[in-house]
Amino acid sequence: MKRMPIFLSVVLVIVLAACGAPSTPAPTTPAGVTPPPAGVTTITVWDYYGTATPFQPEMIAAFEQENPNIKVKYESLDWDAMFEKLSVSMTTGTPPDVATVDMTWVPTWASLGAFADLGPLSGGQVNGVPLNEAFSEGAVEAMTFEGQTVVMLEDFDVYCLYYRADVFEEKGLEVPTTWQQLVEVGQQLVEDTDGNGVPDRYLYGIFPDAFRWAQFLYENDATMLNEDNTQAVFNSPEGVEATQFIVDIVNEYHIAFDIGEEEAITPIKDGRMAMFSDGPYMMGVIKDGAPEMEGMWKVAPHPYSKQPSSYLGGTGLAIPVRAANKEAAWKFVEFAMRVDNAIGVYTGSGAAPGLKAALESPEVSAADPYFGGQVTMPLFLQATETAHHFPYVRQWNEMYDIIDDMMGSALLEQKTVQQALDDAVTEINALLEE
Amino acid sequence: MTLTWTDIGRSHEHCRGKRMETSIARRIGVFVRKYYWAYLFILGPVISTTVFLFIPMVSSFAFSLTEWSGLQPPQFVGLANYKKLLFDDPKFVKSFVNTTIFVILGQGSGPIFGLISALALNQKVRFRAGFRTAYFLPVMTSLVVVATVWKMLYNENGLINGLLRTVDLPTTRWLNNPATALVSVIVTSVWQGFGFETVIFLAALQAIPQELYEAAMIDGANAWNRFWHVTLPSLRPVIVMIYIIGIIGTYQVFDQIYVMTDGGPVNASRTIVFHLWDNFHYMKFGYASAVAYVLFAVLALFSYLQMKFLGRED
Amino acid sequence: MATSRIGVRKLVGRTGIYVALIVSSIVMLVPFYWMVSTSLKVEADVFAYPPEWIPQPATLLHYAEVWTSLPFARFLFNSLFVAAMVTASNVFFSTIAGYAFAKLRFPGRDKLFFVLLLTLMVPFQVNLIPLYKMMDLFRWVDTYWALIVPSATSVFGLYLMRQYILSIPDELLDSARMDGCSEFGIFWRIVAPLALPGVATLAIFSFMGSWTSFLWPMIVTNSMNMRTLPVGIALLQEYHTTNWTQIMAGSTIAALPMIIVFLFMQRQFIEGLTAGAVKQ
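Protein chains in written order, with our numbering: chain A, 1 to 434; chain B, 1001 to 1314; chain C, 2001 to 2280.
Simulated from the structure, these hints should not be mistaken for lab results.
This one's a predicted model, so the numbers in the text were calculated from it and none came from an experiment.
Incorrect hints may appear among the rest.
Computed footprint of chain A on chain B, listed as stretches where at least three residues anywhere in the stretch have a Cβ under 8 Å from a Cβ of chain A [what the hints assert, rightly or not]:
no., stretch
1, 1068–1077
2, 1223–1231
No more than 30 Å apart at the CA atoms, straight line, and that leaves these computed lysine-lysine pairs for DSS-like [said to hold, decoys possible]:
no., chain 1, residue 1, chain 2, residue 2
3, A, K356, A, K73
4, A, K356, A, K326
5, B, K1091, A, K415
6, A, K306, A, K415
7, A, K356, A, K287
8, A, K326, C, K2133
9, B, K1084, C, K2133
10, A, K73, C, K2111
11, C, K2010, B, K1124
12, C, K2103, B, K1308
13, A, K73, A, K331
14, A, K306, A, K331
15, A, K415, B, K1083
16, C, K2103, B, K1083
17, A, K71, A, K331
18, A, K356, A, K306
19, A, K171, A, K326
20, A, K73, A, K326
21, A, K171, A, K287
22, A, K326, A, K71
23, B, K1308, C, K2111
24, A, K415, A, K71
25, B, K1084, A, K415
26, B, K1094, B, K1083
27, A, K415, B, K1094
28, A, K71, C, K2133
29, B, K1084, B, K1094
Backbone N, C-alpha and C fix where the C-beta goes; we use that ideal spot for every residue, glycine too.
Sequences and hints are given; from them, build the entire structure.
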């Protein structure tokens, strides 16, 4: 058969290539590295921050130099992968020693006892400063679960209003500070370019997720759960009012639109969106994705009805409870919390450092030319003082999805707001009873 | 040079010299030897499947009978997960309905496009390899890329709405509208996947011996008759396989949903495996496993019935 | 006259086929084109409005970025190595076992086949944790073993080869058997050559399946230098931002070996086998 030699040679080439492959396949230890000399501990660090991470090779080398008996095996992952891999590895008992975790993962995992208590590990202080002085009150609250310190806050996420200052100026509008003003300003801001009666330009972009809904909820002095987290109470009159407001600005006043699954950068660039609520990291995103819009955007506190507020989240550094080398891991976390290193989240990707000292440093609190010379970070810091983190209950991940669905069905007018809220409350109460 | 059956037949002529007397002992020996070879041939896949598929399957089935958060010891709950799933989980019901729609529409169109394109490509057209590669490119392109591009196309201001507007047809936010979200993902999915069927059909078409067509033409059959009486019957084993694998596979659709709509809006495009994955996220591994085994039961039953009523496919 | 009418109809038919093929090919190529053009764009133009189909300005910067910011060459090697091993293994085991299930009679054949098919009906996600635990036990986590061995055979491949081999006439095999040919001889000299189009198809799918596999390699590799391409490309999706241009550049690089394998397999095994044979 004429074709056989070719087929065989292909197979042969492959086999030969395999034999000549590097000897990495030989498993020596689970970590795949040769065992270090005696007395040296190797810690694995998993980080989802990407190439802009504060854990640059220089920073890691500096740590290893200061701690000659600790070696760092650093692995970069993306956000999705981190969740899956942490889940799996914590389950099978081989987690990393240090991992970056999204604060929205904390409720479920902390309540299942996944994290080591950093209190005893740290002795109540980080780099000589007591924890409750190194971090703001809101931050400390977010880092604590049932009396245990479960994470160190690497960066915080809180929402302020981003708005098209140039269009506001052009139309002689003031930045809204109340919900009422938001509607008035919005009505003068929006335009209908395709003549179909529905405004399609310069709208307020609403992300139909729990983060934004929580902001409006808190701003209207309502809460999600009761004091001891046993009952959902957000279908109170204040809660209904807040949710109704979100639905109304989209469907009634037509000053807002539902962004859905789109990338925010798209309506930013094509002019559909002139206002939206987002966190500090968004500054970096806009700068990268829309450099042509320099000077057009500014940041302001988000308008509220009864009190300013927002959701509070961010990234935490955690040490899994089943980690092999917790003391050495803490040394690394503490090193990451030194001011010079903590600033890295800002210089690298524009995020807001969790450490107070880093936040108040000159680099971070500088005027930003992109935002028309505004000093934006203090605005976000100020917002943390009135922000609340999500309820720390085991069922949070599922609650989140129920709230998502609730927002969706209310915005799509599949249900009335009262109905959507009541249904969600019933579902969540059943969940909390499990 | 064309390969014909007689050529192949001649290639083993050298074996002839080995023919021996056929005594009874010899017959038994041949009999046993026949089975021995068969079992040897299938050894690899059987062992591999047992170790890397069956054993985990047994393990995860065991977990489906428990409540397990992964971080704390599992608690045996018997069939409670299944009871809740089948009778008290509207999201699961919705997932099941959505997935069934996905299968019907997807498997109703994909293989047909595949067959048509394979027939077209089997003609003596120039640049055949080029066309074939074009059809297969979507299958080879990463899912993230495909989903991103289609998200752009489905966008409010994207190409599709743009085209619709030029001919004054109504537009909608395809992925954001509960009525159209699922179908939109199905369209993308079929678009990406039918090249798969094209390639399978193409290889099968090329294996159909010319003699069959020649005999049909001698009998006066026209193109349609040749297709109906020669092509289709020869393709039967492959068609059946494509449907079985296709239905089984499509019932497990996940990636496209995850990237394009996240199951939304409000579960309009939620599928069974998506429901499973969500429960992983809720750290409810026992419940998630139960979802998998309900799906398994449905698919196993379906396959069994199909094999029973359609008979063997050869 | 009759003949020229048939001639015209044939011409129209031919043209029709070409037009249909060209138009549909363009439709199929759109996302691939968008991927390549985005990889050449400046970051700010990715979501430009109105959408920019031809990058202006165009840059090869992202390819350099992708190659240097991550060990892309290593990812490429890992993917190639794993895919090649998986493909070779799959082709061999599926063809030989497919032959056995298709043409040999042995006790329990059909029942066993059905049982094997059952494994296709369980979503892979549910086996994730038990399988990972197994890898941990074997000390295979973060090694090539974990990437290759669990995928060394596939029931789908088995099914595919069985269906192709079913269409080989039994008489051919029986006569070889009566001539005293060994079982393996029959497989090697008669079945394998005839099954080559199927083998090529299986090779394409095996390669593709391994090449694009994401979930399992993501879970089972930790070190940067063990990762495969899809896992590596996902890294370009940073925490707060998505490097679209780099992702597209990475995806383009990732698509090329696939295309080469596809063309090679198609041309060598399917084209070549029937060159000049199609006389419809």
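- Query: Can you name, in rising order, the numbers of the hints this structure does not satisfy?
  - Reply: The structure breaks hints 2, 10, 14, 16, 19 and 24; every other hint is satisfied.
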